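Novice: Following the hints, position chain B against chain A.
The primary structure of each chain is shown beneath.
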Amino acid sequence: MAFSPAIANAIAALCLSDESRSRTASLSFQDAGHGYDAFGMHPSYVALGEVLVSPLYDRYFRVQSHGHENLPSAGPAIIAGNHSGNLPIDGMMVWLDVLRHSSPPRVARPIADHFVPSLPYLGTLFARGGMVGGSRGNARTLLDSGEMLMIFPEGVPGIVKPWSERYQLQHFREGHAELAIRHRAPIVPVGIVGGEEQLPALFSSRRLGKLVGVPILPIPAVPVPLPVRYHLHYGEPIPVHEEFTPDQADDPAVVRETADRVKTAVEGLIRRGLDKRNGVFE
Amino acid sequence: MSQQSTTNRVLVVGAGAPLGEALVRRLLADPAVGHVVAATGYPADTFPIESPDKLTVCSVDITRNRQLHHLLFDTAKQLRITTVVHTAMHLSATDEGPRVHAYNVESVRNLMDHCERHPTINRLVLRSASAVYQVQRDLPVLIGEEHPLNMAGSAPQWVRDRIEADVWACTRMGMGRLRITVLRMAEVLATGTGSQLFDYLESPVCFQPAGFDPMINVLTIDDAVEAMCRAIHCAEQGVFNIPGADTLPLSEVILQWGRLGLPAIDSVLTPLYRLRRRLTGHDFRYGMNRRWFIYSGVLDGRRARETLGYSPSHPIDWPVPNIPASRETPPVI
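Which chain is which? The protein sequence lines are A and B, in order.
Going by the numbering used here, the first residue of the first sequence is number 1, and it counts up by one from there.
Going by the numbering used here, the first residue of the second sequence is number 1, and it counts up by one from there.
Any given hint could be a false lead.
[What the hints assert, rightly or not] Derived lysine to aspartate or glutamate pairs resembling DMTMM-like cross-links, with alpha carbons at most 20 Å apart:
| # | chain 1 | residue 1 | chain 2 | residue 2 |
| --- | --- | --- | --- | --- |
| 1 | A | 210 | B | 266 |
| 2 | B | 77 | B | 53 |
| 3 | B | 77 | B | 116 |
| 4 | A | 263 | A | 144 |
| 5 | A | 210 | B | 53 |
[What the hints assert, rightly or not] Negatives, chain A to chain B, calculated, CB over 10 Å:
| # | residue |
| --- | --- |
| 6 | 102 |
| 7 | 136 |
| 8 | 197 |
| 9 | 217 |
| 10 | 276 |
[Unchecked claim] Computed far set for chain B versus chain A, every beta-carbon distance over 10 Å:
| # | residue |
| --- | --- |
| 11 | 25 |
| 12 | 46 |
| 13 | 55 |
| 14 | 152 |
| 15 | 160 |
| 16 | 236 |
| 17 | 270 |
| 18 | 296 |
| 19 | 315 |
If you're looking for bench data, these hints aren't it; they were derived computationally from the structure.
Keep in mind that this is a model prediction, so the values were computed, not measured.
Cβ coordinates follow ideal geometry from the N, Cα and C atoms, glycine included.
One chain only, chain B, in its complex shape:
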């Protein structure tokens, strides 16, 4: 793992969500980080962290290119920011449309355009997701970075947007002086991260396709933050899978979570969970996750281990206590 020698000054986009907030906290405690700019969709004065010497909080709507431009060429330039970490993703899988696309994809595109012309920024770390990968019976269980992406035309916007942002970043790698790192993270099993699995587990009874019990890998916020920090401090660029410390069957996840798992015929699960969405406002879409609930798919973190020096070290503290009864998705848009 090759370390950057200079002190990093980091802009975190998406700091209002739990993952971004945890990253800001970690960066503030890191002596190798000189200054942190937290860009959040919330009003700046509601940001829960204060550190007058080292932290600047900005309220930014990243779907507005002008605001993004001001963030980079005003605040970030004055503070001599060297690294941008983009963690923002629209959380809800049920929301669709151009504004969601602008949040998930156009913001990345605009951010990269600005970063490539920026006088002080030389590094971009993009949070991507394991959902970009295709999972099917004739593909390997262990998913490497070269694994096929889920380019199915029937994939919902939630998936398509993540793939488009990811591929967009990959196509710009090595094309300029901006060093780009894409972190394809396993599902972060925590509230406010857009985890479909977390939403699925919020029900006291979890239905799974009868006869199937795929292997699943899940990540904690601590490990996700660790991976991002290592990417910030590493001089290499590339695409890296970020697995978590927990690899277990779906039935075991349900059991460990303290839920009752019941088998159901595969064909009834899509309408069943659609009904659940409509009645309770939950977000889990079975059709979107169907293959992950039938075929095993586990991220192979070998490249991240060898290049970034990242190995998952924070397993989930099962059973997770005090799961909130109400949904706590922050208003990222």
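So that you can see chain A by itself, here it is in the shape it has in the complex:
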């Protein structure tokens, strides 16, 4: 980063409450020396991330979340949810929600598409907050060291899906299910409601995306995201770590079936969220 962790810490000290600062200070992570983990995460930048995301979380999107008790307090875990909204704001909301509501505090490590680490500044800022590139090796290392991952199994097709397909889950990839079985991690499904309406797109262009280094570029109908209210619903963990042995990660039928179970659980949580909300902005 262009500034040191001490400056990030100073900004956090100015902007965050004592409780928030003590929460990020007590984060447990694999310090590879100099306060960073091997992927570049640093608690001071996590605190800075909280400073940056909190106004969006508290005031703009006024996030309401349910089912925190389903977040494991320790050990490897995968949070799997629906992806939407043309910008990864849903990931940022879940990231901060988990940081605030897990006990002891944990960082949900977002697994991003390969293009994200190659984005100047953003890639570095996200990495300092815990994001890692979506390679199998990275996910394996984090799960082996007992971290909690945040995966959107729909990937890019989920986040850029057209308005007409809102809240309809795209194809669920299977990587998260295979990782969970192989590394004995429960999967916590999360239904994210609100993101679909934040930034309706007129159309999406792969050609324009290539110019700026992303797979596809949505052209939004509004200049800034709308102040929709986010509702996060965490479901009961799917205990794949108890139901399967690691060897069964090589069984395509088991992996597909697990991915389908996760998809069904996320669909149910989205439906519950949509039924409960009183409107897009409420």
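Specialist: Just chain B, lined up with the frame of chain A:
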């Protein structure tokens, strides 16, 4: 970690460079080592260490197969050498050509041929480098031994030679009675080790690609020597990553080194550092290191920890005092 029971008698190839010299010093102090032969490209009488009972110094041009043969089948045979440690690498990334290739690759090939036929040598430890690995956005940050190698056709000879020597050694593993260990070391941040990063940090102002701050792992000579000693005494063979105790972002390395880091557009850095090479005689090639300056790549030392019992324990003493103003690359060729 399984230890060899017999006393080792060790030949160190590349003893004239700082890493080889540090290894010789360490081996001389090791009671489990019976005798040390230091093969250096310098005249033997200029070698800075003396130990008449335990040390033999030989001046050898390892690009000459005949001299290498004499070293092994004359001196080493008489002294009943059991282990060869090859630490020699041509340091400059700007030098290219058949003689550099002979130094980096043919010497390894010839050395292994001789060792496989040698009556007393049963072990070879080869120093390799993290530069053999490919680093790109869709590959893991933590680099295991099975990580893809940098086989890009555009890779300069400095990289290609290291890969060729490394792969050559790997293909001979388990093919004969010679037990081979390849140590892929993180960048040794010290003078005279061929470290591109060290050369980069010699400038008072260090330019880095704007918007990127990759995680880097660096090694000290003490830890590199520790890893080689453990490889000498371990009965196992294989490929092992040797990380250092310091894992930190590039900007932090620059800061800790007492340099000023400035962001610059990626596309201007290659010509900028080419100009620096031409004007000042420095060695750092941005194009060769570009991916390491954009994407994080940190060696995973799990296998070395489990098999060799190696864990980095000598962090760099930041800030490094008295960085030499002039270059001190020894004349290895």
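Novice: Each of the hints needs a verdict: does it hold here or not?
Specialist: Outcome of the hint check:
In summary, the hint linking residue 210 (chain A) to residue 266 (chain B) is supported, as the alpha carbons are separated by about 18 Å, within the 20 Å threshold. Under the criterion of a C-alpha separation no larger than 20 Å, the hint pairing residue 77 (chain B) with residue 53 (chain B) is consistent with the structure, at around 17 Å. For the suggested pair residue 77 (chain B) and residue 116 (chain B), the alpha carbons sit about 13 Å apart, so the restraint of at most 20 Å is met. Proposed proximity of residue 263 (chain A) and residue 144 (chain A) is contradicted: the alpha carbons are some 24 Å apart, above 20 Å.
This hinted pair does not check out: residue 210 (chain A) and residue 53 (chain B) have alpha carbons roughly 68 Å apart, beyond 20 Å. For residue 102 (chain A), the requirement that its beta carbon stay farther than 10 Å from each beta carbon of chain B is met, with the minimum near 24 Å. The claim that residue 136 (chain A) lies off the interface is violated: its Cβ sits roughly 7 Å from the closest Cβ of chain B, which falls inside the 10 Å cut-off. At roughly 31 Å from the closest C-beta of chain B, the C-beta of residue 197 (chain A) stays outside 10 Å, upholding its exclusion from the interface.
Listed as outside the interface, residue 217 (chain A) is consistent with that label: its C-beta sits roughly 18 Å from the nearest C-beta of chain B, beyond the 10 Å cut-off. With a cut of 10 Å on Cβ distances, residue 276 (chain A) stays outside the contact zone with chain B, its closest approach being about 39 Å. For residue 25 (chain B), the shortest C-beta to C-beta distance to chain A comes to about 26 Å, beyond the 10 Å cut-off, and the non-interface label holds. With a minimum CB-CB distance of about 37 Å to chain A, residue 46 (chain B) clears the 10 Å threshold, and the non-interface call stands.
At roughly 35 Å, the least C-beta separation between residue 55 (chain B) and chain A is larger than 10 Å, which holds for a residue marked as non-interface. Distance check on residue 152 (chain B): its Cβ is at least 17 Å (rounded) from any Cβ of chain A, clearing the 10 Å threshold; non-interface status holds. For residue 160 (chain B), the shortest C-beta to C-beta distance to chain A comes to about 25 Å, beyond the 10 Å cut-off, and the non-interface label holds. Consistency note on residue 236 (chain B): stated as away from chain A, and its beta-carbon is indeed over 10 Å from all of that chain's, at 22 Å minimum.
No beta-carbon of chain A is positioned within 10 Å of the beta-carbon of residue 270 (chain B); the least distance is around 17 Å. At roughly 6 Å, the least C-beta separation between residue 296 (chain B) and chain A is not larger than 10 Å, which violates its mark as non-interface. Consistency note on residue 315 (chain B): stated as away from chain A, yet its beta-carbon is not over 10 Å from all of that chain's, at 7 Å minimum.
Violated hints, in rising order: 4, 5, 7, 18 and 19; the structure is consistent with all others.
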